[in-house]
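Protein sequences, first through last, are from chains A and B. Once you know that position 97 of the first sequence is 451 in the working numbering, the rest is easy, because the numbers rise by one and skip nothing. Once you know that position 177 of the second sequence is 184 in the working numbering, the rest is easy, because the numbers rise by one and skip nothing.
By construction, these hints were calculated from the structure, which means they are not laboratory data. Cβ atoms here follow ideal geometry from the backbone N, Cα and C, with glycine treated the same way. Hints are supplied without guarantee of correctness; some may be wrong.
[Said to hold, decoys possible] Listed next, with one range per pair, are the computed distances between beta-carbon atoms: (1) Arg215(B) to Gly574(A): 54 to 62 angstroms; (2) Lys567(A) to Phe222(B): 44 to 52 angstroms; (3) Pro88(B) to Lys578(A): 56 to 64 angstroms; (4) Ser441(A) to Asn72(B): 26 to 34 angstroms.
[Stated by the list, open to error] In the DMTMM-like style, the derived pairs of lysine to aspartate or glutamate whose C-alpha atoms are separated by at most 20 angstroms in a straight line are: (5) Lys565(A) to Asp364(A); (6) Lys537(A) to Glu384(A); (7) Lys388(A) to Glu209(B); (8) Lys205(B) to Asp391(A); (9) Lys565(A) to Glu214(B); (10) Lys388(A) to Glu19(B); (11) Lys388(A) to Glu208(B); (12) Lys205(B) to Glu448(A); (13) Lys565(A) to Asp67(B); (14) Lys29(B) to Glu102(B); (15) Lys537(A) to Asp440(A); (16) Lys172(B) to Asp575(A); (17) Lys34(B) to Glu107(B); (18) Lys172(B) to Asp135(B); (19) Lys202(B) to Asp391(A); (20) Lys205(B) to Asp385(A); (21) Lys205(B) to Asp383(A); (22) Lys175(B) to Asp548(A); (23) Lys558(A) to Asp33(B); (24) Lys567(A) to Asp364(A); (25) Lys537(A) to Glu569(A); (26) Lys202(B) to Glu102(B); (27) Lys374(A) to Glu448(A); (28) Lys565(A) to Asp575(A); (29) Lys34(B) to Asp89(B); (30) Lys175(B) to Asp549(A); (31) Lys172(B) to Glu76(B); (32) Lys388(A) to Glu214(B); (33) Lys172(B) to Asp364(A); (34) Lys558(A) to Asp89(B); (35) Lys374(A) to Glu452(A).
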Amino acid sequence: MPTGSMDLFDAIYTTRATRKLRHDLPVPDEDVYKILDAGIQAANGGNRQVWKFIVVRDPRIKRQLGDLYRELVNWVTSSNPNRKLDSGELYLGEHMAESPVIIVVCGISSGNEPPDEATAVGATMPAIENMLLAARALGYGGNISAVVRRRQDDLRRILGLGPNAYAATLLPIGVPQGSHGLKSRLPVEEVTYDDTWGNPTRLKRPASVWKPKLELLSEGDRKKGRG
Amino acid sequence: MAASRPEIGLFEAIYTARAIRKLRHDKPVSESDVRAIIEAGTQATNGANRQLWRFAVVRDPATKNRIGEWYRQAALRVLGPDDNPNPNHIANSGERYLQEHAGESPVIIFVVATPNYGQAVGEWKPVDAASAGYMCLPAVQNMLLAARGLGLGSNLTSAINMYEKEVKELLGIPDECKIVCMLPIGYPQGKHGPKTRKPVEEVTYSERWNQAPRF
Numbered sequence: 355m356p357t358g359s360m361d362l363f364d365a366i367y368t369t370r371a372t373r374k375l376r377h378d379l380p381v382p383d384e385d386v387y388k389i390l391d392a393g394i395q396a397a398n399g400g401n402r403q404v405w406k407f408i409v410v411r412d413p414r415i416k417r418q419l420g421d422l423y424r425e426l427v428n429w430v431t432s433s434n435p436n437r438k439l440d441s442g443e444l445y446l447g448e449h450m451a452e453s454p455v456i457i458v459v460c461g462i463s464s465g466n467e468p469p470d471e472a473t474a475v476g477a478t479m480p481a482i483e484n485m486l487l488a489a490r491a492l493g494y495g496g497n498i499s500a501v502v503r504r505r506q507d508d509l510r511r512i513l514g515l516g517p518n519a520y521a522a523t524l525l526p527i528g529v530p531q532g533s534h535g536l537k538s539r540l541p542v543e544e545v546t547y548d549d550t551w552g553n554p555t556r557l558k559r560p561a562s563v564w565k566p567k568l569e570l571l572s573e574g575d576r577k578k579g580r581g
Numbered sequence: 008m009a010a011s012r013p014e015i016g017l018f019e020a021i022y023t024a025r026a027i028r029k030l031r032h033d034k035p036v037s038e039s040d041v042r043a044i045i046e047a048g049t050q051a052t053n054g055a056n057r058q059l060w061r062f063a064v065v066r067d068p069a070t071k072n073r074i075g076e077w078y079r080q081a082a083l084r085v086l087g088p089d090d091n092p093n094p095n096h097i098a099n100s101g102e103r104y105l106q107e108h109a110g111e112s113p114v115i116i117f118v119v120a121t122p123n124y125g126q127a128v129g130e131w132k133p134v135d136a137a138s139a140g141y142m143c144l145p146a147v148q149n150m151l152l153a154a155r156g157l158g159l160g161s162n163l164t165s166a167i168n169m170y171e172k173e174v175k176e177l178l179g180i181p182d183e184c185k186i187v188c189m190l191p192i193g194y195p196q197g198k199h200g201p202k203t204r205k206p207v208e209e210v211t212y213s214e215r216w217n218q219a220p221r222f
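Next comes chain A alone, as it looks inside the complex (with noise of 0.2 angstroms):
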């Protein structure tokens, strides 16, 4: 039973994007707060905190937001063969509404227009990273479900943003239909150089890197003999 309690590296090598989550099993709104709460602790240039957080349960919201999010999963499909969805992300683009919670990350200006994409997205993505590390610790998984944020008009629509709000994504949370494992990443030595580029890193993977415990493995990752 998760008591929230989670060493951190444990966390950060088995959060992984969680899209299939469990619709019957709700969230309490204490762990939405902590989860907030871990997100507005994350570094934020000079401390301005220009996010803003909408915590949405109501279905009537969540349908449209769900509809919207099928509408670009369907459109991502269609408009490119080589990029193919997998079953997580084709499966949230069918149950998206069904999440117990989906909290909408914006990035807010400080004037009467709303920041860029890229200023929102800059300011809000370490408070994203940090709120999924804390809600896989809770016990729950979660994603970024961010191409919505190309119908800004839409979404002003149905939540009602303020002028001065950019949304950024959507984050799904629930207790995942399976579970939190390992991650496929490239190794440091493919994307580290030392003092100048191309210049291949002398780090080694030394005798103290983190090993899974095993009951933080998933299934799949017992079966590829991982950890």
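Chain A is fixed; fit chain B onto it per the hints.
Same frame as chain A, but now just chain B:
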């Protein structure tokens, strides 16, 4: 170094990973810690798992010196000189310290975003450098948490981008890449600790904009 890393709770790290600008210059940062910080970065969430992040680890003192000089100029432009400070950004002592000493950080990691060329089919545009840049920010947050977890200090600074062209040339970073931020890393002179933030209630709405949260 111990074979097993000391454990720190996720929430303890989240709540006490402050921006640390005053670093100890006398205490080196181990290779395995640098690697652990980068690896934590690579575990972050990212769209379509494109992994557009790259990391340039700078330890060479001459290189750090030049970067430090550019950083000093950039910081002065943001903060204003001591005798004519910027009223819109009152500098704290940490910011002034970093202005003068960034080049002396034991290690500086540049987080660099590479644009993604592989997807230009029909209307589907490749991920441009600016977008690639903010896609790397979850990695940066993980790196800050990992540094904290290892007892190290860092801070997310992008003022160096006033000299992005010069830094790219110095480090050989390709034109089409974007410097996301500079992370000076070292042991803190002071301590980690809690941050001041507006409470959740002040930044959250329920269901629609301007509707008070029910917390």
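Against the structure, the hints come out as follows:
{"no.": "1", "hint": "Arg215(B) to Gly574(A): 54 to 62 angstroms", "result": "39 angstroms, violated"}
{"no.": "2", "hint": "Lys567(A) to Phe222(B): 44 to 52 angstroms", "result": "33 angstroms, violated"}
{"no.": "3", "hint": "Pro88(B) to Lys578(A): 56 to 64 angstroms", "result": "58 angstroms, holds"}
{"no.": "4", "hint": "Ser441(A) to Asn72(B): 26 to 34 angstroms", "result": "52 angstroms, violated"}
{"no.": "5", "hint": "Lys565(A) to Asp364(A)", "result": "9 angstroms, holds"}
{"no.": "6", "hint": "Lys537(A) to Glu384(A)", "result": "29 angstroms, violated"}
{"no.": "7", "hint": "Lys388(A) to Glu209(B)", "result": "14 angstroms, holds"}
{"no.": "8", "hint": "Lys205(B) to Asp391(A)", "result": "10 angstroms, holds"}
{"no.": "9", "hint": "Lys565(A) to Glu214(B)", "result": "41 angstroms, violated"}
{"no.": "10", "hint": "Lys388(A) to Glu19(B)", "result": "13 angstroms, holds"}
{"no.": "11", "hint": "Lys388(A) to Glu208(B)", "result": "12 angstroms, holds"}
{"no.": "12", "hint": "Lys205(B) to Glu448(A)", "result": "36 angstroms, violated"}
{"no.": "13", "hint": "Lys565(A) to Asp67(B)", "result": "31 angstroms, violated"}
{"no.": "14", "hint": "Lys29(B) to Glu102(B)", "result": "9 angstroms, holds"}
{"no.": "15", "hint": "Lys537(A) to Asp440(A)", "result": "15 angstroms, holds"}
{"no.": "16", "hint": "Lys172(B) to Asp575(A)", "result": "43 angstroms, violated"}
{"no.": "17", "hint": "Lys34(B) to Glu107(B)", "result": "18 angstroms, holds"}
{"no.": "18", "hint": "Lys172(B) to Asp135(B)", "result": "17 angstroms, holds"}
{"no.": "19", "hint": "Lys202(B) to Asp391(A)", "result": "12 angstroms, holds"}
{"no.": "20", "hint": "Lys205(B) to Asp385(A)", "result": "18 angstroms, holds"}
{"no.": "21", "hint": "Lys205(B) to Asp383(A)", "result": "19 angstroms, holds"}
{"no.": "22", "hint": "Lys175(B) to Asp548(A)", "result": "14 angstroms, holds"}
{"no.": "23", "hint": "Lys558(A) to Asp33(B)", "result": "24 angstroms, violated"}
{"no.": "24", "hint": "Lys567(A) to Asp364(A)", "result": "8 angstroms, holds"}
{"no.": "25", "hint": "Lys537(A) to Glu569(A)", "result": "15 angstroms, holds"}
{"no.": "26", "hint": "Lys202(B) to Glu102(B)", "result": "16 angstroms, holds"}
{"no.": "27", "hint": "Lys374(A) to Glu448(A)", "result": "11 angstroms, holds"}
{"no.": "28", "hint": "Lys565(A) to Asp575(A)", "result": "13 angstroms, holds"}
{"no.": "29", "hint": "Lys34(B) to Asp89(B)", "result": "29 angstroms, violated"}
{"no.": "30", "hint": "Lys175(B) to Asp549(A)", "result": "11 angstroms, holds"}
{"no.": "31", "hint": "Lys172(B) to Glu76(B)", "result": "14 angstroms, holds"}
{"no.": "32", "hint": "Lys388(A) to Glu214(B)", "result": "18 angstroms, holds"}
{"no.": "33", "hint": "Lys172(B) to Asp364(A)", "result": "38 angstroms, violated"}
{"no.": "34", "hint": "Lys558(A) to Asp89(B)", "result": "43 angstroms, violated"}
{"no.": "35", "hint": "Lys374(A) to Glu452(A)", "result": "10 angstroms, holds"}
Of the numbered hints stated above, those contradicted by the structure are hints 1, 2, 4, 6, 9, 12, 13, 16, 23, 29, 33 and 34, listed in ascending order.
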